[in-house]
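Peer 1: These are the residues of each chain, in order.
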Amino acid sequence: ILNVEQSPQSLHVQEGDSTNFTCSFPSSNFYALHWYRWETAKSPEALFVMTLNGDEKKKGRISATLNTKEGYSYLYIKGSQPEDSATYLCALGGGYGGSQGNLIFGKGTKLSVKP
Amino acid sequence: ETGVTQTPRHLVMGMTNKKSLKCEQHLGHNAMYWYKQSAKKPLELMFVYNFKEQTENNSVPSRFSPECPNSSHLFLHLHTLQPEDSALYLCASSLGLADNGDEQFFGPGTRLTVL
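Just so you know, the sequences run in chain order A and B.
Under our numbering, the first residue of the first sequence is numbered 346, with each subsequent residue one higher.
Under our numbering, the first residue of the second sequence is numbered 929, with each subsequent residue one higher.
Everything labelled a hint here was simulated from the structure, so no lab data went into it.
Among the hints, a few may not be true.
Here are the simulated lysine-lysine pairs, DSSO-like style, with alpha carbons at most 27 angstroms apart [what the hints assert, rightly or not]: (1) A:Lys414 x A:Lys459; (2) B:Lys947 x B:Lys968; (3) B:Lys946 x A:Lys402; (4) B:Lys968 x B:Lys980; (5) A:Lys403 x A:Lys459; (6) A:Lys414 x B:Lys947; (7) A:Lys387 x A:Lys414; (8) B:Lys964 x A:Lys459; (9) B:Lys968 x A:Lys387; (10) A:Lys455 x B:Lys969; (11) A:Lys403 x B:Lys946; (12) B:Lys964 x A:Lys455; (13) B:Lys969 x B:Lys950; (14) A:Lys403 x B:Lys947; (15) B:Lys946 x A:Lys459; (16) B:Lys947 x B:Lys980; (17) B:Lys946 x A:Lys452; (18) A:Lys455 x B:Lys968; (19) A:Lys455 x B:Lys980; (20) A:Lys387 x A:Lys455.
Chain A residues, not near chain B, derived (Cβ > 10 angstroms throughout) [unchecked claim]: (21) Val349; (22) Pro353; (23) Ser372; (24) His379; (25) Lys387; (26) Ser388; (27) Glu390; (28) Thr396; (29) Asn398; (30) Gly399; (31) Gly424; (32) Gln445; (33) Asn447; (34) Gly451; (35) Pro460.
For glycine and all other residues, C-beta sits at the position ideal for the given N, C-alpha and C.
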């Protein structure tokens, strides 16, 4: 059974602080790693999808890195703003039997940014 | 406008009722998904359809019955549910399969309460 772990569970930072979260996963049979942002009362929104070891992606103040050999991904937010407050989910695409659409989600990291 | 709509947004039903959840995507995607979000648990994949064919059934009880008449529409038929089935049910779509690297677009969800 594949298990995706995210840490920390929650994080409280001040506006302007930079922060990072970790997503850990089994490195065997890796297909893809997704990051989503889920704001309260909204739908989860895709941030990044990474498929190659060493991938680095950036969108504005948010960036992510991927290490498939050791089984982790980091999400960084530079200069956090109150509108960054959300739960950040990572999800692993992987497993046996070929691609069947299966994503395994972590429990998420809940970020609160105080003005 | 996320491009993925779900109806109803809220549903309260008794254990003997039969109801259906509807999902529609306007993005021209080929894959559609049902997820369950229970309190303090990660998002759980229930079903995956790719080009109208079911590719994944994550050991979901038969009281949940999916239907995908075409690539734009996905239904979840509910009958004789249990109170523990109360949860947020999310629909998502993607161009190709998510574990192959295609990002998912989520609907707003249906909040289901089973009395």
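Peer 1: Which hint numbers does the structure go against, in order from smallest to largest?
Peer 2: The structure breaks hints 1, 3, 4, 6, 7, 8, 11, 14, 15, 17, 19, 21, 24, 25, 26, 27, 28, 32, 33, 34; every other hint is satisfied.
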